[in-house]
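Let the sequences and hints guide you as you build the complete structure.
Chains as they are written, first to last, in the numbering used here: chain A, 7 to 294; chain B, 36 to 790.
What the hints contain is simulated information worked out from the structure, not anything from laboratory work. In this text, a Cβ means the ideal position worked out from N, Cα and C, and glycines have one as well. Treat the hints with care, as some may be off.
[Unchecked claim] If you only want the chain A side, here are some residues facing chain B, beta carbon under 7 Å, derived:
1. Gly70
2. Arg191
3. Ser192
4. Ser193
5. Glu194
6. Asp195
7. Gly265
8. Tyr269
[Stated by the list, open to error] Now the stretches of chain A that chain B is said to cover, found in silico as 3 or more residues with beta-carbon under 8 Å:
9. 32–45
10. 270–277
[Unchecked claim] Sample of chain A residues lacking proximity to chain B, with all beta carbon distances greater than 12 Å (derived):
11. Asp59
12. Gly63
13. Thr78
14. His91
15. Gly103
16. Asn104
17. Leu176
18. Ile189
19. Thr240
20. Asp262
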Amino acid sequence: MQILRPSSLLEACHLLESDPWDTRPLAGGTALVLMLRQGLVAPRAVVRLDGVDGLDGLEVTPHGLRIGALTTLTDVAASPVVQAHAPSLAYACSRVGNLRVRNAATLGGNVAEADYASDPPSVLVSLDAWCQVAGPSGGTRDVPVRELITGFLTTTLEPGEVVQAVVVPLDPGGRRATYEKYISRSSEDRPCVGVAASVQLRDGAVRGLTVVVGAVAGTPQRFDDLTAQAVGTTLGPSVRRSVASAYASAVDAMDDARGSAWYRQQMTEVVVRRALERIAPVAAGGGA
Amino acid sequence: MRRPVLGADQPMPDAVDRVVGTIRFAVDHAVPGMLHGRLVSSQSPHARIVSVDATEALAVPGVRAVVTGADIARDPRVPHPLFGVSRPDQPPLATDKVRYVGEPVALVVAETERAARAAAVLVDVEYEDLPYVTDPAEALRPGAPVLHDQWPDNACGDWRLQRGDVDAVFRQAEHVVEHVYHSPAASQVPLEPFVAVAEWDDAGSLEVWSSTQWPSAVQRVLAHMFDRPLDQVRVHAPPLGGGYGAKGQVKIEPMVACAALLVGQPVRLELDRVEVFHVVCKHEATMRLRTAVDGEGRLLARDIDLLYNAGAYGITDPGAAGNALVRANGPYRVPAVRIRSRAAYTSTVPSGSYRGAMTNQVSFAYESQLDEIAALLGKDPYELRRLNLLVDGDTYATGETMHDVHFIELVDEVASVIDWHAPPEPPPSATTVRGKGLAVILKSTPTPSRTECRVELHADGSVVVFTSSVEMGQGAFATIAQLAAHHLDVDLSRVSVVGPDTARTPFDTMTAGSRTTFSNDHALHEAAAHLREHLDGLARELLGWSGPTQHGDGCVSTSDEGPVPYELLLAKAGVDVVDVTGVFQSVGGEGMKDPSDVHGHTSVHWHQGAVAVEVEVDLETGKVEVLRCHGASWAGRVVNPARVRQQNDGCMIMGIGTALYEDLQVVDGQVVNPNMSDYMIPSVLDVPQALTSRALVSDDPAAELHGVGEMTIPATAPAIANAVFRATAVRVRDLPLTAERVLSAVRGREPQEGA
Numbered sequence: 007m008q009i010l011r012p013s014s015l016l017e018a019c020h021l022l023e024s025d026p027w028d029t030r031p032l033a034g035g036t037a038l039v040l041m042l043r044q045g046l047v048a049p050r051a052v053v054r055l056d057g058v059d060g061l062d063g064l065e066v067t068p069h070g071l072r073i074g075a076l077t078t079l080t081d082v083a084a085s086p087v088v089q090a091h092a093p094s095l096a097y098a099c100s101r102v103g104n105l106r107v108r109n110a111a112t113l114g115g116n117v118a119e120a121d122y123a124s125d126p127p128s129v130l131v132s133l134d135a136w137c138q139v140a141g142p143s144g145g146t147r148d149v150p151v152r153e154l155i156t157g158f159l160t161t162t163l164e165p166g167e168v169v170q171a172v173v174v175p176l177d178p179g180g181r182r183a184t185y186e187k188y189i190s191r192s193s194e195d196r197p198c199v200g201v202a203a204s205v206q207l208r209d210g211a212v213r214g215l216t217v218v219v220g221a222v223a224g225t226p227q228r229f230d231d232l233t234a235q236a237v238g239t240t241l242g243p244s245v246r247r248s249v250a251s252a253y254a255s256a257v258d259a260m261d262d263a264r265g266s267a268w269y270r271q272q273m274t275e276v277v278v279r280r281a282l283e284r285i286a287p288v289a290a291g292g293g294a
Numbered sequence: 036m037r038r039p040v041l042g043a044d045q046p047m048p049d050a051v052d053r054v055v056g057t058i059r060f061a062v063d064h065a066v067p068g069m070l071h072g073r074l075v076s077s078q079s080p081h082a083r084i085v086s087v088d089a090t091e092a093l094a095v096p097g098v099r100a101v102v103t104g105a106d107i108a109r110d111p112r113v114p115h116p117l118f119g120v121s122r123p124d125q126p127p128l129a130t131d132k133v134r135y136v137g138e139p140v141a142l143v144v145a146e147t148e149r150a151a152r153a154a155a156v157l158v159d160v161e162y163e164d165l166p167y168v169t170d171p172a173e174a175l176r177p178g179a180p181v182l183h184d185q186w187p188d189n190a191c192g193d194w195r196l197q198r199g200d201v202d203a204v205f206r207q208a209e210h211v212v213e214h215v216y217h218s219p220a221a222s223q224v225p226l227e228p229f230v231a232v233a234e235w236d237d238a239g240s241l242e243v244w245s246s247t248q249w250p251s252a253v254q255r256v257l258a259h260m261f262d263r264p265l266d267q268v269r270v271h272a273p274p275l276g277g278g279y280g281a282k283g284q285v286k287i288e289p290m291v292a293c294a295a296l297l298v299g300q301p302v303r304l305e306l307d308r309v310e311v312f313h314v315v316c317k318h319e320a321t322m323r324l325r326t327a328v329d330g331e332g333r334l335l336a337r338d339i340d341l342l343y344n345a346g347a348y349g350i351t352d353p354g355a356a357g358n359a360l361v362r363a364n365g366p367y368r369v370p371a372v373r374i375r376s377r378a379a380y381t382s383t384v385p386s387g388s389y390r391g392a393m394t395n396q397v398s399f400a401y402e403s404q405l406d407e408i409a410a411l412l413g414k415d416p417y418e419l420r421r422l423n424l425l426v427d428g429d430t431y432a433t434g435e436t437m438h439d440v441h442f443i444e445l446v447d448e449v450a451s452v453i454d455w456h457a458p459p460e461p462p463p464s465a466t467t468v469r470g471k472g473l474a475v476i477l478k479s480t481p482t483p484s485r486t487e488c489r490v491e492l493h494a495d496g497s498v499v500v501f502t503s504s505v506e507m508g509q510g511a512f513a514t515i516a517q518l519a520a521h522h523l524d525v526d527l528s529r530v531s532v533v534g535p536d537t538a539r540t541p542f543d544t545m546t547a548g549s550r551t552t553f554s555n556d557h558a559l560h561e562a563a564a565h566l567r568e569h570l571d572g573l574a575r576e577l578l579g580w581s582g583p584t585q586h587g588d589g590c591v592s593t594s595d596e597g598p599v600p601y602e603l604l605l606a607k608a609g610v611d612v613v614d615v616t617g618v619f620q621s622v623g624g625e626g627m628k629d630p631s632d633v634h635g636h637t638s639v640h641w642h643q644g645a646v647a648v649e650v651e652v653d654l655e656t657g658k659v660e661v662l663r664c665h666g667a668s669w670a671g672r673v674v675n676p677a678r679v680r681q682q683n684d685g686c687m688i689m690g691i692g693t694a695l696y697e698d699l700q701v702v703d704g705q706v707v708n709p710n711m712s713d714y715m716i717p718s719v720l721d722v723p724q725a726l727t728s729r730a731l732v733s734d735d736p737a738a739e740l741h742g743v744g745e746m747t748i749p750a751t752a753p754a755i756a757n758a759v760f761r762a763t764a765v766r767v768r769d770l771p772l773t774a775e776r777v778l779s780a781v782r783g784r785e786p787q788e789g790a
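Written as structure tokens, this is what we have:
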């Protein structure tokens, strides 16, 4: 296996485009190296992205909070800027795996890998985040994370495309967001169910609510028609129960070692309800 | 006068090296000219090997050979290729057929690990699938697929015990309870993988460095396999990065020794994590317990049926089921007992030792059932135990008279620390509940067994102890040094320890079964007596001393002479070194001579432990959190308090894993979670906020030392299951108590497959 070290992002895109089936991009390596070791992938070459300019940085722009793709999960979690503008993302990144994993894993790599049993993707979908994707033509396109991830380890990235940055829209005011990670086994396990919820409040009433359930299916599960019922309410207990119950019925739950489909459905109801309790206005019995 | 060396914390000399990573583990060993092996493993649970095509693999630059089972079978230099400590049923590499997924089929040998790895995936093995069986009960049914032609009924152990008129007691008993408990296969997960280096010299002698807990067994098995005298097989056991039973018996050494012989160059093999999961696991067990009790809760009779999954090869079977039988009654006085304990071959990972071996499973069953009896009769589980626990002079199920047993002290200790009679702290929310549970266990110790210690006293006053006990992080060498300093009455700083090398260090049966501290104590006691006799002889013969001598503080004296320091005595006598050997040979164990009728002496002494826990259960998720955990073991005397505490604490942490998470799952004949992402062991965050332990000791300064390596692990899972019952009124009889299983039980729902 060859290890390629492109000197620019464009060169990286070209290397990946030239042999899309047999070349893999390498960011933090926490996923790819495991797959290589287990023989699940055997590419002819890996393209190292570290050392490539334009994939770093963490700043507030007019479009939103821009996080360079190679920013490690540790840095996302510890960043005062992320904590100020997207606290649920900072928290979710702080709960991934263990410190050694978070020190190596990158946010861009996390999204591009599209592992269903990961924490950040559902949060990014709940915040309507998008990816700035660089391609071999030299241009970039914006792809919402919600559209980027289409299934198990599957994305809409085209051959030669690389996630350059993740952009999280800024809070226009009144946003409360949370990530509830439910682990069914040891504390370092991946989520059995991860629920990201974000509510936009004005004068104590819901203007918009987004709930995304991660780790239960191939893609983050988001059903805006089910959260519409909360608009105009104070997100009180009965609304929370109703949304949670609707989500439990709607998710396309799967079996794995962390729980059966039945169990995941039950946990979806519990964890969505707990997430909504956390972001509900204090007057509605939330804010725990 | 020095401070006493026993009972005080002394530094563990290799602790810093272990922590910073500078210790030389087996995995660090290399020899000049060494080639590297890489396994090709079976993809089929049971299949005839039609052909092994290594053409493409051999074309990889650097590849020297692809060794197969057929190569070994046809080589006259390997007259006895089948090996096994308990039963010789395992080939170094699968020959003619494979018996489980993950079984080594071929070993690629190359100049670099990289070349070996690249070539291994190119070896083309053609299989003709055979019907397979993974369930031990199905394996014992007539017509089941046969794993070994020599044992066509798939039986790998069938042990029976009968004491008293069991049926008559059952007929008259006020209450009879019957339950079935299940404990799944689990993995020992040592951090260091299996590794071995084998080198032959021109004269036909074999030298092996291996990650083994049983160097003497490795030596004997290899000597037999190659028909070499024992002195031509030399086995080194460097310090291990964890064993937990996985590295007992004989594992990859025969394969590596065969490959080195066939290739004509030293070979090293280090398994990767997936492969480690396929070498050995804990026995899966299904346990049916029927128990008769009177209205007060006195145990009157027991009828126990145990069925173990031996896996594809009998690493510890057929003996293991016998050890289970001896322990299955638990530490209770039961007048009438009938036990049958069987193990069956199946097409799964071979089962073997696992810390608390053949005890963790039965203790989960009998301690869970004791609480079920308490619930049925409305008795307090603690009081019910006190009513039934064995005391000195009682007769055990085997018919042997119990002595030096302290079960009541142990249960009192853990009940007191957990505040048994006080209600649990109020839970933090309306959807969580709390409860306390406890459990007490006994374990027999390997009997008979032998430990020798060779002790050199040098003219500079230093003492070197030669031992074949293996240092695997438990502190064996530090403990042996302390025991030597104690028995010889010399300063600890003068004592060093040389570890297992069968050419240099004397015999030791194994480092397992919590026998190392106990056995070495006896052996060093004897060595010290020999040394004193020897020194007395020197004083008489060379210095002309007469009359009785006294020894103390590294000196010898008589009423007229001395005290003379040992080194001065040696200098005066012109002797460079005095060399003595102490031997501990435990006797007995004849109670297990006849598997069809176990009775009589089975254990030189009994290991004893207890655990109490407080748990919190989330009723909405079923998740169990252990809040407090206190363990106790009987130690008799304590050599080093810190290490004893670490053993007891470590056992409970390991026990929490098997209680709540661990389950080596087999689907369609294949282990589906052979990695540390899918197979969960506890992380440091899962350790209870309050985890404490205590070793109970005797007032008698000459009390017998008991090992403490395994005493709290068998009590942890049943204590947790009992606490969950007291918190939720739900009884889970299958380990592990996963969140889904507990939630299903709380909701009265059958759990899903694989949950």
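Here's how the hints hold up against the structure:
{"no.": "1", "hint": "Gly70", "result": "violated, 33 Å"}
{"no.": "2", "hint": "Arg191", "result": "holds, 4 Å"}
{"no.": "3", "hint": "Ser192", "result": "holds, 4 Å"}
{"no.": "4", "hint": "Ser193", "result": "holds, 4 Å"}
{"no.": "5", "hint": "Glu194", "result": "holds, 4 Å"}
{"no.": "6", "hint": "Asp195", "result": "holds, 6 Å"}
{"no.": "7", "hint": "Gly265", "result": "holds, 5 Å"}
{"no.": "8", "hint": "Tyr269", "result": "holds, 4 Å"}
{"no.": "9", "hint": "32–45", "result": "holds (count 4)"}
{"no.": "10", "hint": "270–277", "result": "holds (count 3)"}
{"no.": "11", "hint": "Asp59", "result": "holds, 32 Å"}
{"no.": "12", "hint": "Gly63", "result": "holds, 31 Å"}
{"no.": "13", "hint": "Thr78", "result": "holds, 20 Å"}
{"no.": "14", "hint": "His91", "result": "holds, 28 Å"}
{"no.": "15", "hint": "Gly103", "result": "violated, 9 Å"}
{"no.": "16", "hint": "Asn104", "result": "violated, 7 Å"}
{"no.": "17", "hint": "Leu176", "result": "holds, 34 Å"}
{"no.": "18", "hint": "Ile189", "result": "violated, 8 Å"}
{"no.": "19", "hint": "Thr240", "result": "holds, 22 Å"}
{"no.": "20", "hint": "Asp262", "result": "violated, 8 Å"}
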